[in-house]
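K.L.:
So the sequence lines, in the order shown, correspond to chains A and B. Under our numbering, read the first sequence as residues 7 to 205, first letter to last. Under our numbering, read the second sequence as residues 7 to 205, first letter to last.
Check the hints yourself; a few may be wrong.
Because identical chains cannot be distinguished in the list, a pair is counted as satisfied if it fits within a single copy or across any two copies.
[As the list claims (entries may be wrong)] Think about it this way: if two alpha-carbon atoms lie no more than 25 Å apart in a straight line, the pair counts; the simulated DMTMM-like pairs of lysine to aspartate or glutamate are:
no.	residue 1	residue 2
1	Lys30	Glu102
2	Lys96	Glu44
3	Lys173	Asp192
4	Lys48	Asp74
Rather than coming from a laboratory, the hints here were simulated on the basis of the structure.
There are 2 protein chains.
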Amino acid sequence: MSFFPAALDNLVEKFASLPGVGFKSAQRLAFYILSLPEGEAKDFADAIYEARNSVRCCSVCQNLTDTDVCAICRSPARNAKLVCVVQSPKDVAAIERAREYNGRYHVLHGVISPMNHIGPDDIRVKELVDRVAQGDIEEVIMALNPDTEGETTAKYISRLIKPFGVKVTRLAHGLPAGASLEFVDDATIGQAIDGRQEM
Amino acid sequence: MSFFPAALDNLVEKFASLPGVGFKSAQRLAFYILSLPEGEAKDFADAIYEARNSVRCCSVCQNLTDTDVCAICRSPARNAKLVCVVQSPKDVAAIERAREYNGRYHVLHGVISPMNHIGPDDIRVKELVDRVAQGDIEEVIMALNPDTEGETTAKYISRLIKPFGVKVTRLAHGLPAGASLEFVDDATIGQAIDGRQEM
C-alpha cells in the first residue's frame with residue numbers, strides 16, 4: 007500500500023521500469039521531478055515524447071536519425087562504396103569521433119546471440135544483404151565487438167555477402183593505443199602476434 | 007560534438023540533469039526510451055506531466071496530495087488534536103506504514119541547515135505556527151531525524167509553539183528493534199540509558 011498521491015506513485019513506477027533504476031532511486035527521481043519548475047517538468051516530458059516520435063532508423067543504413075535518409079547516407083562527401091557494419095548507433099558515434107573513416111555505415115541493432123534468443127532475423131541483416139545485392143558497394147568492414155557473439159555475427163554475414171563479389175574485411179585486432187604489454191591479456195597478445203605487420 | 011539526432015541528444019541531456027544520473031546512464035536510459043512501444047513512451051511523458059501538475063501540497067498539513075485538503079486532514083477518523091511534525095512526505099509514508107499513529111501531520115519540506123543556507127523561512131514553519139495558533143491542537147510530536155539539523159529544527163519550533171500552551175513531545179530515542187547491543191553506536195546506547203523506562 008502506498009501513502010502518496012496516485013500520480014506520484016505512477017511516476018515512481020515509470021522510473022522504476024527503466025533499466026538499472028531500483029525503487030528507491032525511482033522515488034528519488036520522481037520527487038526531483040515534483041521539485042522542478044513547471045516549465046522544466048514539461049520540457050522533460052516533451053523531450054521523451056519528441057525523441058520517441060522524431061527519431062527513427064535511416065531506411066538505408068538503419069542508424070538513428072530524425073531525417074530520412076540520414077545525414078551520413080545523404081552526404082556526397084562520404085564514400086558510398088565503403089560500408090562499415092556496427093552493432094549499435096553508439097558504435098557509429100565512437101567511429102565518427104575517431105575522424106578516420108569516410109564511408110557509410112550499416113547498423114545491425116544487435117548481434118546474433120543464441121543465449122538471448124536473438125537470431126539473424128532479429129537484427130538488420132536482411133537490409134545489409136539487400137544493400138550489397140544492389141551492387142554499388144565494393145568493401146564491407148565488419149566493426150563488431152571482438153567477442154564470441156560479434157565474431158559469430160561477422161562470420162555469418164560474411165558468408166552471406168561474399169557471393170555478391172564484395173570484399174569483406176574486419177577491424178584489426180591487437181594492442182590498444184597506450185597499452186602496457188605487461189597488463190595486456192593473453193588473447194590480445196596472441197592476436198597481436200598473429201596479425202604482426204612488417205615495419 | 008554529438009553524432010546522434012538532436013531530439014535524442016536533448017533527451018540524454020534531460021536524463022543527465024536528474025540527480026545521481028551520469029552521462030553514460032542518461033544515454034542508456036534515452037536509448038531505452040527509443041526502444042519502447044510508442045504508447046509506453048507517451049505514458050512515461052504523460053506521467054511526468056501529470057505528476058508535476060496534479061500533485062500539490064495540502065493547504066493544511068503541507069503533505070503531497072492530489073486533492074485539497076489531503077485525505078488524512080479530511081478523515082474524521084484521525085485525531086485532529088494531535089500533529090506529527092516530519093521533514094518530508096517520505097517520513098509520513100514511513101510512519102503510516104507502522105500503523106501506530108492516528109493523528110494528523112505537518113510536513114516541513116526540509117530542516118533548518120545553516121550549512122546549506124536553509125533557514126526557518128525556507129521550510130513550512132510559519133504554516134505550523136498558524137495551525138497551532140488556531141488553538142485546536144493539544145499535542146505536537148516532533149518526528150524529525152535524530153541528527154544535528156533535526157534536533158536544531160525541533161528545538162527551534164518547540165520554542166515557537168510552546169507559548170500557545172500546546173504540549174510538545176518528540177519520538178523516543180533508543181535501541182532500534184532487533185538491534186544487537188554489540189554493534190549499536192555509542193550515541194544510541196547513551197540515549198537508551200538516559201531514556202530508560204521502568205519495567
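K.L.:
Run every hint past the structure and note whether it holds.
P.N.:
Hint check:
1. Lys30 <-> Glu102: Between copies, since 18 Å is at most 25 Å while 37 Å is not.
2. Lys96 <-> Glu44: between (32 Å within a copy, 22 Å between copies)
3. Lys173 <-> Asp192: neither (30 Å within a copy, 73 Å between copies)
4. Lys48 <-> Asp74: Answer is between: at 23 Å across copies they meet the 25 Å cutoff, but 28 Å inside does not.
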